[in-house]
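Peer 1: Here is how the chains run, residue by residue.
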Amino acid sequence: MNWIVNFLTSSIGRKLIMSLTGLFLILFLVVHLAGNLQLLTNDGGEAFNTYAYFMTHNPLIKFISYGNYFFIILHAVIGILLYFKNRKAKGSSYAVSGSSDETSWSSKNMALLGTLILAFIFIHMGDFWFKMKFGNMPDVMSASLGVPVKDLFTRVSTAFDNPVLVIIYLIGQVVLAFHLWHGFASAFQTLGLNHPKYTPIIQGVGKIIAILIPLGFALIPTLHYLDIYLF
Amino acid sequence: MQLTLKVWRQKDSKAKGQLETYKVEADEHMSFLEMLDVLNEDLISQKKEPISFAHDCREGICGTCSLVINGRPHGPQQGTTVCQLHMRSYKDGDTIVVEPWRSAVFPVVKDLVTDRSAFDRIIQAGGFISVNTGQAQDANAIPVDKEDALEAFDAATCIGCGACVAACPNGSAMLFTAAKVSHLALLPQGQVEHKKRTKAMVAQMDKEGFGMCSNIGACEAECPKEISLENIARMNRSYIGAVFTTD
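Chains A and Y, in that order, give the protein sequences. When we follow this note's numbering, the leftmost residue of the first sequence carries the number -15, and every step to the right adds one. When we follow this note's numbering, the leftmost residue of the second sequence carries the number 2, and every step to the right adds one.
These aren't lab readings, by the way, just hints derived from the structure by calculation. Check the hints yourself; a few may be wrong.
Cross-link-like lysine to aspartate or glutamate pairs, in silico, EDC-like; alpha carbons within 20 angstroms at most [said to hold, decoys possible]:
1. K208/Y to D121/Y
2. K181/A to E221/Y
3. K17/Y to D116/Y
4. K196/Y to E231/Y
5. K92/Y to D28/Y
6. K72/A to D207/Y
7. K181/A to D146/Y
8. K181/A to E148/Y
9. K7/Y to E29/Y
10. K69/A to D207/Y
11. K181/A to E231/Y
12. K72/A to E209/Y
13. K48/Y to D38/Y
14. K12/Y to D38/Y
15. K181/A to D155/Y
16. K111/Y to D13/Y
17. K24/Y to E42/Y
18. K92/Y to D38/Y
19. K92/A to E221/Y
20. K181/A to D149/Y
21. K191/A to D85/A
22. K92/Y to E35/Y
23. K72/A to D116/Y
24. K196/Y to D149/Y
25. K111/Y to E42/Y
26. K181/A to E152/Y
27. K69/A to E209/Y
28. K7/Y to E21/Y
29. K7/Y to D43/Y
30. K15/Y to E50/Y
31. K12/Y to E50/Y
Can you build the whole structure from these sequences, using the hints too?
Peer 2: Laid out in structure tokens, this is it:
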């Protein structure tokens, strides 16, 4: 069993954890976005509240959600450890910092971006998840299920009447975009997947999702603030 | 041409260094190292301590010269070492900042000279083929695919100067180690000990205290031999594979 510990504490092993958890979290973002776009349905929250009920009551989803919390924490903790280890390895910095145009700003600021995303997750869960789980959120009848469900839709809609919160959410999405700009393609390089044949595709897809995912999320607070529905 | 140089001066590894300013009269045909020679002649004639800097072949193939010029390892030119950088790249009146490689694993010995023996220890950990090869064989006795031969040769051009570590914001030595793993892994003679070698070299790299690669790409951008990041991906998959398929 010693070899597992040796592997997971080696430089490549730790990077592998970052890569795999990062890719899982990207997958989570896609599912989270797809579900939350129902907030843009003009049905008084019927579709979204029913969906939220399903997400909090399905045992398989609950199981995966615990995995998701664990991977977020693991990604953050190892990321922070890597940051401090790398700072120690670098030692002192240069008096003049040279500019090499081939490196992106994102790639050099992943720890900062990640920390901001973690802070955003706390704000975000405090706003909705915590209030749904521990606050006294009123119930509403779900027409399709025929049972009372938590009215998360109204909570979201009221929260996004506050322009300060809307701005915080938009900043959060910009930070996420920069993190994904480097993160997606970097995860594949860490897995050892780099070839002139497909690496340009991975890099292209990485940049597309780095724009599309945050853009999709940004629509929700913006359109709720403006009281516009898409569907 | 009149130049202002700001050079890192540090008495020994324990001393706290600082940048000192010098004026130097240079000729555009001089190499950067010759310009430093001129400055040193001047300092010696003034009975001052000359600037220590590492150099050997001055032909761009030994990997000894190691200066960070205006924040860039080996200076502004793509794909060259400091000794191949000429003063025609600068203008009269320029101010140039010269610093040593910065890495906790490459401590400053004096001024611009750093101790890069950590690289030697990574090679000693497995960067070789341990069988006795005997007489040189007929060139075609062991068939090697042309593409593999070219890739192996590209990796083998690494001169072990350490610019990758100097350029990396994380102080990672992945590009160097990956180049050394790759040039042997791509050839049949290197395949035999490949898994053992990769594991041993990565373990030594970690033990030396180098940082961890986050795929920024500064190493590839500053490498005087333009070693590709593909080598790091190769080492990643070799290492992961080796861990799961060996004792």
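Peer 1: Each hint: holds or not?
Peer 2: Here is how each hint holds up against the structure:
This hinted pair checks out: K208/Y and D121/Y have alpha carbons roughly 13 angstroms apart, not beyond 20 angstroms. Using a Cα cut-off of 20 angstroms, the hinted pair K181/A and E221/Y holds, with the two alpha carbons roughly 19 angstroms apart. Distance hint between K17/Y and D116/Y is fulfilled; the C-alpha atoms sit about 16 angstroms from each other, no more than 20 angstroms. Taken as a hint, the K196/Y and E231/Y pair is honoured in the structure, with Cα atoms around 18 angstroms apart against an allowance of 20 angstroms.
Using a Cα cut-off of 20 angstroms, the hinted pair K92/Y and D28/Y holds, with the two alpha carbons roughly 10 angstroms apart. Our distance criterion of 20 angstroms between C-alpha atoms is met by K72/A and D207/Y, whose separation comes to about 13 angstroms. Between K181/A and D146/Y the CA atoms are separated by roughly 19 angstroms; this keeps the pair inside 20 angstroms, and the hint holds. A hinted pair counts as satisfied when its Cα atoms are at most 20 angstroms apart, and K181/A with E148/Y qualifies at roughly 14 angstroms.
As the CA atoms of K7/Y and E29/Y are separated by approximately 19 angstroms, the hinted pair is consistent with the 20 angstroms bound. Between K69/A and D207/Y the alpha-carbon distance is near 11 angstroms, which keeps this suggested pair within the 20 angstroms criterion. The straight-line distance between the Cα atoms of K181/A and E231/Y is roughly 12 angstroms, inside the 20 angstroms bound, and the hint therefore holds. For the proposed pair K72/A and E209/Y, the alpha carbon gap of about 12 angstroms is at most 20 angstroms, so the pair holds.
Our distance criterion of 20 angstroms between C-alpha atoms is met by K48/Y and D38/Y, whose separation comes to about 15 angstroms. At roughly 19 angstroms between alpha-carbon atoms, K12/Y and D38/Y fall within 20 angstroms of each other, so this suggested pair holds. Proximity of K181/A to D155/Y is assessed by CA-CA distance (about 18 angstroms); at most 20 angstroms being required, the pair is judged to hold. With a C-alpha separation of about 5 angstroms, the suggested pairing of K111/Y with D13/Y holds against the 20 angstroms cut-off.
Distance hint between K24/Y and E42/Y is fulfilled; the C-alpha atoms sit about 13 angstroms from each other, no more than 20 angstroms. Taking the CA atoms of K92/Y and D38/Y, the gap is near 19 angstroms; set against the 20 angstroms cutoff, the hint holds. Under the criterion of a C-alpha separation no larger than 20 angstroms, the hint pairing K92/A with E221/Y is consistent with the structure, at around 15 angstroms. A distance of roughly 16 angstroms separates the Cα atoms of K181/A and D149/Y; the hinted pair therefore holds under the 20 angstroms criterion.
Between K191/A and D85/A the CA atoms are separated by roughly 18 angstroms; this keeps the pair inside 20 angstroms, and the hint holds. Proposed proximity of K92/Y and E35/Y is supported: the alpha carbons are some 16 angstroms apart, at most 20 angstroms. Between K72/A and D116/Y the alpha-carbon distance is near 17 angstroms, which keeps this suggested pair within the 20 angstroms criterion. In summary, the hint linking K196/Y to D149/Y is supported, as the alpha carbons are separated by about 18 angstroms, within the 20 angstroms threshold.
As the CA atoms of K111/Y and E42/Y are separated by approximately 18 angstroms, the hinted pair is consistent with the 20 angstroms bound. Taking the CA atoms of K181/A and E152/Y, the gap is about 15 angstroms. The hint holds against a cut of 20 angstroms. Restraint check for K69/A and E209/Y: satisfied, since their Cα atoms lie roughly 12 angstroms apart, inside the 20 angstroms limit. Pair hint K7/Y plus E21/Y holds up; C-alpha atoms about 5 angstroms apart against a cutoff of 20 angstroms.
At roughly 16 angstroms between alpha-carbon atoms, K7/Y and D43/Y fall within 20 angstroms of each other, so this suggested pair holds. The straight-line distance between the Cα atoms of K15/Y and E50/Y is roughly 18 angstroms, inside the 20 angstroms bound, and the hint therefore holds. A distance of roughly 10 angstroms separates the Cα atoms of K12/Y and E50/Y; the hinted pair therefore holds under the 20 angstroms criterion.
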